[in-house]
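Student: Sequence:
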Amino acid sequence: MTAFKTINLEPGFLTIVVGHATFCVVVVFNNVVARFRRTSWSLVEASMDLGANGWQTFRYVVLPNLASALLAGGMLAFALSFDEIIVTTFTAGHERTLPLWLLNQLGRPRDVPVTNVVALLVMLVTTLPILGAWWLTREGDTLAGNGK
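When you line the sequence shown up against numbering that gives the first Met the number 0, it's residues 0 to 147, in that order.
No lab work stands behind these hints: they were computed from the structure.
Some clues are possibly wrong.
Said to hold, decoys possible - What follows is a set of in silico ranges between Cβ atoms, one per label pair, in the way DEER data are often shown:
#: 1; residue 1: Leu49; residue 2: Asn115; range: 30 to 40 Å
#: 2; residue 1: Arg58; residue 2: Arg109; range: 45 to 55 Å
#: 3; residue 1: Ile6; residue 2: Leu49; range: 13 to 23 Å
#: 4; residue 1: Asn52; residue 2: Leu105; range: 52 to 62 Å
#: 5; residue 1: Ala78; residue 2: Ile6; range: 23 to 33 Å
Ideal Cβ positions, reconstructed from N, Cα and C, are used throughout, including at glycine.
Make a model of the complete structure from these sequences and hints.
Tutor: Now the structure itself:
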């Protein structure tokens, strides 16, 4: 908050984004670095040997290999950001975000049916990507060499 006051930036949407980005970028960075360490650099060398320039190698070889790490990091960052009430409280100013609204409604419910529907939607938005990831990575009888 002191940095925001120093540059005369009033609390609002921009301060929320900057506040959440400062701790969420670490999660995405760690996922991408872990994926980089497991990447076979022979693919990059093969791409360059076959005549691809740096941009083509990045676009068609490196980026597809990092896509799963970027997606996982983004999902984790979203979950952490959505759960981080304290950062939102200090950086929001007069802005009303969904987590702050839910926190107020759970403390002193004014419109219980609306709160219940919003909570159910939040649970669905959280559960559906997990189920989708499970479905995409499940093992089945159709896989070759599954030992059956």
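Student: Each hint: holds or not?
Tutor: Quick rundown of the hints versus the structure:
no. : hint                        : in the structure
1   : Leu49 to Asn115: 30 to 40 Å : 57 Å, violated
2   : Arg58 to Arg109: 45 to 55 Å : 51 Å, holds
3   : Ile6 to Leu49: 13 to 23 Å   : 49 Å, violated
4   : Asn52 to Leu105: 52 to 62 Å : 54 Å, holds
5   : Ala78 to Ile6: 23 to 33 Å   : 30 Å, holds
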